[in-house]
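Q: These are the residues of each chain, in order.
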Amino acid sequence: MFSFLHIAVPPAPVLFAQLLIGLINGSFYAMLSLGLAIIFGLLNIINFTHGAQYMLGAFCAWFLLTWLGIGYWPALIVAPIVVGALGIAIERLLLRHIARLDHLYGLLLTFGLALVIEGVFRQGFGASGLPYTIPSALQGGRNLGFMFLPIYRGWVIVASLGVCLTTWFVIERTRLGSFLRAATENPTLVQAFGIDVPRMVMLTYGAGVGLAALAGVLAAPIYQVSPLMGSNIIIVVFAVVVIGGMGSILGAIVSGFGLGLVEGMTKVFYPEASSTVIFVIMALVLLVKPAGLFGRAT
Amino acid sequence: MTLGSAKRRDLLIWTVALIGLALVAPYFLYPVFLMRALCLALFACAFNLLLGYVGLLSFGHAAFMGSAAYITAYTVKAWGLPPEIGILAGVAVAAVLGAAFGWLAIRRQGIYFAMITLALAQMVAFFALEAPFTGGEDGIQAVPRGHFLGFIDLDNTFTMYYFVLAIFLLGFAIIQRTVNSPFGQVIKAIRENEPRAISLGYRAERYKLQAFVLSAALAGLAGSTKALVLHLASLTDVDWTTSGSVVLMTLVGGVGTFLGPVVGAFVITTMENYLAQTGSWVTIIEGVIFVVCVLTFRRGIVGVLAPYLTSEREPEVAEPSAETS
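Line by line, the protein sequences give chains X and R. Heads up, the first sequence is in our numbering, so the first residue is 1 and it goes up one at a time. Heads up, the second sequence is in our numbering, so the first residue is 1001 and it goes up one at a time.
Bound conformation, chain X alone (with noise of 0.2 Å):
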């Protein structure tokens, strides 16, 4: 049972491999958990359509490229675009009806919707992957003297990092993001001021569900595309959630990239647990500090 205390410490490169693996990851929590983050601030609904809409970017791309032949390039705008304004038109069809209730309803209507698209790609898909081969500019890798980098996964940690500190500084560091920080928290007292709060619940919705689009075209050519890779990580991005707590942005960049790195190392240590590690971190964190690590109480 104790068998990890016993392993010698792996080789440079395979322990530099795993590290990067875990970065990568931690792209894509930091993400789809900043996506959650944003629409829960304003929306107080958790959105568990949020994997499928992610798949849903990640099939535009193949879409775009298969029957279009528009290439990753273009495609990282349109996905974005495309799902994003699927997402509005969510809001303003479906959620804006239920936002007066129970915030759990928000809960069980996203959580219904992912059923349907994730079905509906099933069926028309089957459960097995769909390869997307990465763009020829970022072919290739790099021999960095301790490790070997795919210039891809180079390039989706940048991205990644560019998109969540834009993000970040978007709504911590602007008018519009001052605006939305606002209605956070009081929509009313924004709303007697003139701004036109729902149709800034509809926008952000839109630009949570766009990023999380951006995310599935940033993973299609690394992971394949298919319709259950939503399901697969949205659970592991709301324990990211619970572990950072919901009340900062930075929060979810840093929880984000932390855990996938520590899921990273569990494979290198101990790889029997590295399915399991982030939940076990829930755990540990909800005991030490319910209200998550930078979270506030509520």
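These are computed hints drawn from the structure, not numbers from a lab. All figures in this text were calculated on a predicted structure; none of them were measured in a lab. Don't be surprised by glycine CBs; every beta carbon is placed ideally from N, CA and C. Treat the hints with caution; some may be incorrect.
Claimed, not checked - Anything over 10 Å on all C-beta distances counts as not near chain X; from chain R, calculated: (1) A1089; (2) L1251; (3) E1272.
As the list claims (entries may be wrong) - Sample of chain X residues facing chain R (criterion: CB under 10 Å; computed from the structure): (4) P74; (5) Y105; (6) L293.
Given the structure of chain X, go ahead and fit chain R onto it with the hints provided.
A: For chain R alone, kept in the frame of chain X given last:
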């Protein structure tokens, strides 16, 4: 507060009629289908005890049903224990798991509670996939039903049916009794207004945890029985889709009604039965039902029908003025 005599009479009539129906049902319908539906109905009732009466949405109840199913299947098959001991072992493990998960999850409320239970249940699902005794993707198959108390042969389908019916009625009665007890009044008070219940001197967390453990144990009872009925404990039993499905059953039937989860379980199981050949259509239709229920049908089948089926006409919610005066 006591039930009105007219309502009590109506309830008695309905109870007798439904039990009578359940007694003759296997002569008209496929018994294994009925047994499976009864197990899921008990599972849904256990879930409803939390959602309907304590106001806690657990999104990880499959963990309790599934772990009990695995324990019963393993003890009965590998150790050759009699079915009653196997079921007790399954229920005990589900209760212990429920105590641990409940202890962690009640630290947060509302949406967080749902997410935490979901994540903890996913841990159980990973464990079931990787642990040495659970059979991985295959699950534990060909579980023997054995002889109840040593002399009642459960391999006979009709005997097994009445055995399952008895277990279901036992579980149902426990829930009914719990909700109508002083304990039940306190958990309902916590659901309505937790700070107030605390200010009245009730330790809300302790009540919530007790209700959670009871719910987990009963979900385990359902899972253990189901493992014997179907000769199988599989990854489906611990999967998050099963947790979602029990939410759906309760929602369709009527949250916070006694018979709602039972009706919902039969409706959803019937639907799954008919659509089993159509691949992912089951998932799609379940999703659509979820959306429709949340948008337009939040009271559920029993919640809508109940006023017409009993002579009770007054609204369920007590008038606030009577409470504050």
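Q: For each hint, tell me whether it holds in the structure or not.
A: Now the hints, each set against the structure:
1. A1089: holds (23 Å)
2. L1251: Violated, because the least Cβ-Cβ distance between R/L1251 and chain X comes to about 7 Å, which does not exceed 10 Å.
3. E1272: Non-interface label on R/E1272 holds, nearest chain X Cβ at 13 Å vs cutoff 10 Å.
4. P74: violated (30 Å)
5. Y105: Cβ of X/Y105 sits 5 Å from chain R, so the hint holds.
6. L293: violated (14 Å)
In this structure, the hints that do not hold are numbers 2, 4, 6, in rising order.
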